[in-house]
Amino acid sequence: MSTATTTPAPSRGALTDRLLGRNPQRRVLYLLLGLVVLFSAVRVISGEQALTSSSTFSAALLLAVPLALVALGGLFSERAGVVNIGLEGMMILGTWGAGWAGYQWGWTGALIGGAVFGAAGGLVHAIATVTFGVDHVVSGVAINILAEGVVRFLSELLYTDNAAGGGVTQSPPLSSRPPSFSLPVLSSGPDLLGDLEGKHWFLLSDVAGLLRGLTNGVGVLTVLAVLLIPASYLVLWRTAFGLRLRSCGENPAAADSLGVPVYRLKYIAVIISGALAGLGGVFLVFIATIYREGQTGGRGFIGLAALIFGNWRPGGLAAGAGLFGFADALQLRSATAVVALLLLIAVLLAAVAVWQALRGKRTQAVLAAVFAAAALVAFLTVDELPEGIVSFTPHLTTLLVLSLASQRLRMPKADGLVYRRGEH
Amino acid sequence: MTLLRRTGLALLAPVLAIVVALAISALVITLIGENPFTAVRVMFDFGDTPSQQTQAMVVVLNRAVPLFLAGLAVSVAFRMGLFNIGVEGQYRLATILAAAVGAAVALPGPLHVLLIVVVAMAVGAIWAGIVALLKVTRGVSEVISSIMLNFIALGTASFLLTGPLRGSEPGASIITTADVPESGWFPGLNGVFSVLGLAEPRTELYGFLLVAVVVGVVVSVLIKRTRFGFDLRASGLSPSAATASGVDARGMVIKTMLISGAIAGLIGLPDLLGDQHNYGTEFTSGLGFLGIAVALLGRNTPVGIALGALLFGFLDRAAIPLQFADIPASVVTIIQGTIVLSVVIANEVARRLTRRQAERGNAVAPPSTGDGSTGGGQGPGGGPPPDDGPGSATGPGLTTAQPQGAGR
Amino acid sequence: SDEDDSASGGSSESSSASGDLRIGLAYDTGGRGDKSFNDSAYAGVEAAIASLGGEVQELSPNDDASNRPELLTQLAEQGFDPVIAVGFAYGDIISDIAADFPDTTFAIIDSTGVDLGEGNVTGLQFAANEGSFLAGVAAALKSTTNYVGFVGGVETPLIQSFEAGFAAGAEAAKPGITVDVKYISPAGDFSGFSDPARGQIVAQGIFDAGADIVYHAAGGSGTGVFEAAAASGKRAIGVDSDQYQTVDDPAQQAVIMTSMLKRVDNAVEAFITDFSEGNVEGGTDITNDLETEGVGLSYSGGFIDDIKTQIDEFAQQIIDGEIEVPTAP
Amino acid sequence: MNESAPLAVELRGITKRFPGVVANKDIELRVRRGEVHAIVGENGAGKSTLMKTLYGMHRPDEGEILLDGTAVTFKSPADAIAAGIGMVHQHFMLADNFTVLENVVLGSEPTKGGRLDRAEARRRIREISDRYALGLDPDTLVEDLGVGDRQRVEIAKVLYRGATTLILDEPTAVLVPQEVDELFGNLAELKREGLTVIFISHKLDEVRKVADSITVIRRGTTVGEADPRTTTAKQLAEMMVGAELPTPQTRTSTVRDTPVLQLRGVTVATVGGRPAVDDVSLTVREGEVVGIAGVEGNGQAELVDAIMGLRPLAAGSIVLGADDIAGWSTRRRREQGLGFIPEDRHRQGMLLEAPLWENRILGHQTRPPAVKGAFIDRKGARADTERIMRDYDVRAPGPDTLAVALSGGNQQKLIVGREMSARPRLLIAAHPTRGVDVGAQSVIWELLKDARAEGMGIVLVSADLDELIGLSDTLHVMLRGALVATLDPASLTPEELGGHMTGARDTTVGAA
Ligand SMILES: Nc1ncnc2c1ncn2[C@@H]1O[C@H](COP(=O)(O)OP(=O)(O)OP(=O)(O)O)[C@@H](O)[C@H]1O
Ligand SMILES: Nc1ncnc2c1ncn2[C@@H]1O[C@H](COP(=O)(O)OP(=O)(O)OP(=O)(O)O)[C@@H](O)[C@H]1O
Ligand SMILES: [Mg+2]
Ligand SMILES: [Mg+2]
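Residue numbers (our numbering), protein chains in the order written: chain X, 1 to 424; chain E, 1 to 408; chain H, 1 to 329; chain W, 1 to 512.
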């Protein structure tokens, strides 16, 4: 036997690795608890109720779900080795499909319509990249451009002089609304969590806010999306199909040599990818109850970022989408709450500084301490940030977390490489 | 192989692409009940009077200049396997700061312009440098960081515009920076038309066209002919081999992003120095993203990018005559997407046909002529195509022209 | 392109014999069918044509709207007169073109024609702050929680004048009332006008904080505001057109208490009529305000019929100059 | 053997063309059931192509395939697998980020209720592993395995699919003798179970030892069959290339007194664990070849990287001539006289998608003839590439050919030529003849010997023990990152050396 070194457990994503070492479940719990306590403390000190209100959390959910759906779409495609910059375009197609099917056949129609249109975008991407071997980025960019033109054109074709309403930039409204759910007693009816939240007690009210935010008036697609995350994990990592699909992204030549239908699997993966991105679009249509041009607002790209943030894993991308969604919700809710966030950052950075100092890394410690001090000063002196600055809170947060967490990201090995049988 | 057949193969890709794009566009136009032939005629209708015709050319060129610069900025990074999706933010921030500096100082003409150009390039380079720095020190994927920095640039520009750099009076509907005084304007090129004996167009041809040409030539020489360019391309083709050959991978990432960002900083200047003279809420946005398409269309070579930019400029202009002919402008967007897709697909098909051809003959054909088939395995950018130097990408039998090279 | 069909080249064939009114209409981004002021402008043109005869050529800008100057140029060059530019975004380019075509009459909506220094541009302006003032009055009078909100699409001066009027109106009707103001995106980022999801989230935040009526000036994001109102059983105020009539969705219709009307159609129609009668002066601004009924409130659905007299009182005070409505917050 | 029994595999008149190359031309191959059948031939002779045809990876342009006497056509490897054929590729076909289990079951997974049945898969892999003594742990990540284990994973993949005919394409190229012996033990096991093995190798002694019959291929066609019991290695080599079997034997010592490279306490840390290179000290003098032996994964690669400046030092010094170069960049080291033949030519030695003349520049970007000042000298680079192609027998159409179009041996010769042309003071040669045919091998050995005679210092890392023993003046053995023995190659057998490498022998430290 040659050397078989004992290896550490596979990386679980940038953030978790850095913060938790390698012993998950329990540490995740500790981490979450720590964060809740911290948030609670910051809320009490700053008096910014929005920081942990159920309203913020439910907004965060609304903002995170489409990102998570798109990122899941990216997951399927990139796990099968096809880079998907075209997610934005597929999402755009999804919004249009949902609007078009939705005004005729209601919310179920919208669900299917959006998925089908998104999948059609995926199909184009698959034809270009898999069959014709076009560079994945090229094809994705082309699809983004194409999608914009196609939806505008279709609207022009179908909505001009449409009795049901609509126009070149929007569809008629959905003919039925998707159902939404609340936890009985706790977050609806007597609304015990709501009561608790209203008390503004330390910790208890914050937890209540979190729980109520995630359980009150949750749309059907949100439920579906949340289920899709573990489901994708199970499909990709626990089934034969998933193994084969992932093998196309790791070493397609090896898969091919074992009779795995690489091309077919890539097709399936990219089409699923498009359908999921389309569902992300459907989600936006459900909120608005219509299709509206420009509705996606670059969410396809953010979803892609969430995917990379999450190290090409379902749990990780959900965390990425959640982080972004929360920061975005906060900035949309209250510009002053964003200032309170500075206090939070100051505390976290101070902790990092202490930790780095203990590990003997002086430069990092000093750097973190300086930034902590700066954040604290900013918190104490600034009352409200200008709209321009507040607007990029989520982007800056994501970037900060990424650059503070250690980077052990690992993309699928053959991701983005054009595979042609016999030409590896 | 006969010369005829060789030429045929070389022309195959562009012809195929054009045929496919035309076919799809024709289908789309027919679908809305219009005549595709009318559409084509209208698109090539540059007007009736000589001055209208030159004006149409000016419109196309003025649109192509920023697109060319955007494509160039993207392609430099692509060449070493970096996907600079952040060109958008880089040029927006560069333009507003350059406009502010330009408005704040008074210098003699050329110096004033030079200062503005230098500021724009510096800001673009710094903004792109953040991406590079995060990548080499913290390992943050350049795709994420540049997407995020785009939004941050947008927000920052908005803050600057509504706050410290606001130059327009409080009541104005459009918020702009203060105007750059005339000494900071870039003179137009309409003199050229009279020299050539053509009618004077209504608006000025951007003098920045010359700068763009110079930048294009410099970048071309830099990438193809210099040691630095070799290191850059080597890093794109195989990061590990480049490192083993003595290329400092981290330094290369930083230098490349700085160059890419500096070029990106120029994108807004044709409009700023040639027409608008200030940066405002209505300043053209989205050029960075179009630049990606143009770079890919031009297969990351300066000449290709120039052709791609001209094509986009042409299509963009065509949107107006099409509307006069009752064809919706969205058709142009569809045509743009279709062209990008069909050009790249056609390249691929032609590549295969060429190979099969070579198989029957006895020339040694390369297994790949580049586009997209490379891919260094790092970053989703895939790999940049190899050098397009004479005969480098084609075998001895096919040295006349690359099948992908011409005709876009 | 050999045929020499100069002036009428490429224009629509519906050239009517009844009059030689050839109107050029250059839209803001989105173009016709936006269910907003592009459509409103078109409605005005249509109404004018219906009574005066003539034809219209519409042009929409490209995606990044970089070809606005060309749109106006082409229309003027092809002999369309008057040429109407829809949206203040044409404000910084229209003067150059107007100078090049001194014989063509131009109009620009939402921007001034005075400051340009050209004698052939008329600004069609709207006192949106005055209309918004009435919306503020209505909201304040109808609010039971003493808490109302405003959702702006993009933080531009134009939208800020809506905000200013609304806040002033609310304060005038009910001193001390809370007015919660939020914008979806900052200046320069126009996504705020087309992101209903964010509109919903922002409005929901205001409702959750205690507001019971929210006024929006957020363009396409407005449906999100209505949706938030519907979801929380609260009220919303529409903008530009009578959105009670245009939303197509009964659930949303039920929450639209009133809309701040901005009669772009009337203004455009009046302008064309003036033009055909040779009454356009140029280099002037036509301000459409409460007095000219260029702005106002809608009463569809009958939600605010009971406070009509109070609203009218305030309107009269504004017309009489007793109340000076601010244009900036 | 029973002549009348149908042959397990028979290939008749197989022809396969690639763009510009006829890889196989009218090839005949006859393999009897239950035998180990070897195929030998030069680099690029078409062995792998032939085997890929048999494995359904591509279809022959002409000719037919018969299994047990009946003609078959394979559309894909899946068909070949179904027909009982399995192949272990020359370049491993493994997903590094997958576990052994996932790699083995991929494509024919046991499932239970739609789920991948890992328990069942684990059981079956253990069973195969035990039965053929493969010693595999199903749950290890492949990227953590050494080459020997990877090889066994490949074999397990094939056995898992119930193959009755195994194709092994150059399985021993990367193995040390002990591992080769283990592999041959495995093969014997397979043979005993009645399986047929087709075996490709450049190591003719090995072939003679293990094969029951041999087919020789030259330039795409069958030259003939040989009986391993009656044919000598020399005769085989002559059949292959018409040349004599080369030996790596060095002539007289050329070692001078001046040291060119001195390593003192060189230590390279790995992420987390113990050092990859542990306090290594050694000296290379002018005209001396210092060999480094070791089972793959014992720190040789890291040591090479450290000398080249591709990996930071945790401790120690590296002195080239009189300069401590530990703080120097890779480029400066190369400029000051370090030459480098990397272990993995595709990863570190070449730009596959670039033409040969650009590959000539690689690693020599700061020196003529490839560059003039800050600019690339295209003409100079082309001319010099042509010279290298002539002098080093690189077979390619011209300097504008893409590197990827060359066979491995020719790529290696280009790299050797390139590095030699710069006349380095010290050459690091990592596996310089790996996967290279006998003809090219002897060329490379001669080149190394000449360079040594001219006073070049050489650090030779190799898995080929004959090469190590034959070329080295001094031989160090590396085990777990440390130098555990210094041996005199003059009186050393490969078996003894292998013993040191695996730590089985007492490490008697000789004079440095
Ligand atoms: N068996 C399961 N049932 C339901 N949900 C699961 C199951 N396994 C994982 N999940 C969910 O799917 C997500 C998978 O994310 P991720 O890929 O990060 O998982 P992991 O725990 O790192 O996987 P592994 O155990 O393979 O390392 C997790 O968030 C988890 O909530
Ligand atoms: N996919 C391919 N495309 C083009 N040429 C190929 C391809 N595969 C093999 N060749 C060429 O066919 C010839 C035979 O290659 P093959 O790999 O079969 O040789 P080999 O005998 O296995 O050599 P080695 O001992 O180096 O492995 C070579 O010239 C090679 O370059
Ligand atoms: Mg997992
Ligand atoms: Mg081989």
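For the record, the hints were derived by calculation from the structure and aren't laboratory data. Glycine included, each C-beta is placed from N, C-alpha and C at the ideal position. Careful, some of the hints might be misleading.
Claimed, not checked - Taking lysine-lysine pairs in the DSBU-like style, the calculated list, with each CA pair at most 35 Å apart, reads:
no., chain 1, residue 1, chain 2, residue 2
1, E, K224, W, K191
2, H, K174, X, K413
3, W, K203, W, K25
4, E, K255, X, K413
5, W, K379, E, K255
6, W, K234, W, K449
7, W, K372, E, K255
8, X, K413, W, K75
9, W, K75, W, K25
10, W, K449, W, K379
11, H, K308, X, K199
12, X, K413, X, K361
13, W, K112, X, K413
14, W, K203, X, K413
15, W, K234, W, K203
16, W, K112, W, K191
17, X, K413, E, K224
18, E, K255, X, K361
19, E, K224, W, K203
Unchecked claim - The following label-pair restraints were derived from C-beta to C-beta distances:
no., chain 1, residue 1, chain 2, residue 2, range
20, X, A378, W, E143, 41 to 47 Å
21, W, P110, X, S182, 42 to 48 Å
22, W, H91, X, I127, 50 to 56 Å
23, H, E281, X, T108, 56 to 62 Å
24, W, P110, X, T160, 54 to 60 Å
Here is how each hint holds up against the structure:
no.: 1; hint: K224/E - K191/W; result: violated (57 Å)
no.: 2; hint: K174/H - K413/X; result: violated (65 Å)
no.: 3; hint: K203/W - K25/W; result: holds (24 Å)
no.: 4; hint: K255/E - K413/X; result: holds (26 Å)
no.: 5; hint: K379/W - K255/E; result: holds (27 Å)
no.: 6; hint: K234/W - K449/W; result: holds (22 Å)
no.: 7; hint: K372/W - K255/E; result: holds (22 Å)
no.: 8; hint: K413/X - K75/W; result: holds (27 Å)
no.: 9; hint: K75/W - K25/W; result: holds (21 Å)
no.: 10; hint: K449/W - K379/W; result: holds (31 Å)
no.: 11; hint: K308/H - K199/X; result: violated (40 Å)
no.: 12; hint: K413/X - K361/X; result: holds (33 Å)
no.: 13; hint: K112/W - K413/X; result: holds (29 Å)
no.: 14; hint: K203/W - K413/X; result: holds (33 Å)
no.: 15; hint: K234/W - K203/W; result: holds (12 Å)
no.: 16; hint: K112/W - K191/W; result: holds (33 Å)
no.: 17; hint: K413/X - K224/E; result: holds (29 Å)
no.: 18; hint: K255/E - K361/X; result: holds (28 Å)
no.: 19; hint: K224/E - K203/W; result: violated (43 Å)
no.: 20; hint: A378/X - E143/W: 41 to 47 Å; result: holds (45 Å)
no.: 21; hint: P110/W - S182/X: 42 to 48 Å; result: holds (43 Å)
no.: 22; hint: H91/W - I127/X: 50 to 56 Å; result: violated (30 Å)
no.: 23; hint: E281/H - T108/X: 56 to 62 Å; result: holds (58 Å)
no.: 24; hint: P110/W - T160/X: 54 to 60 Å; result: holds (57 Å)
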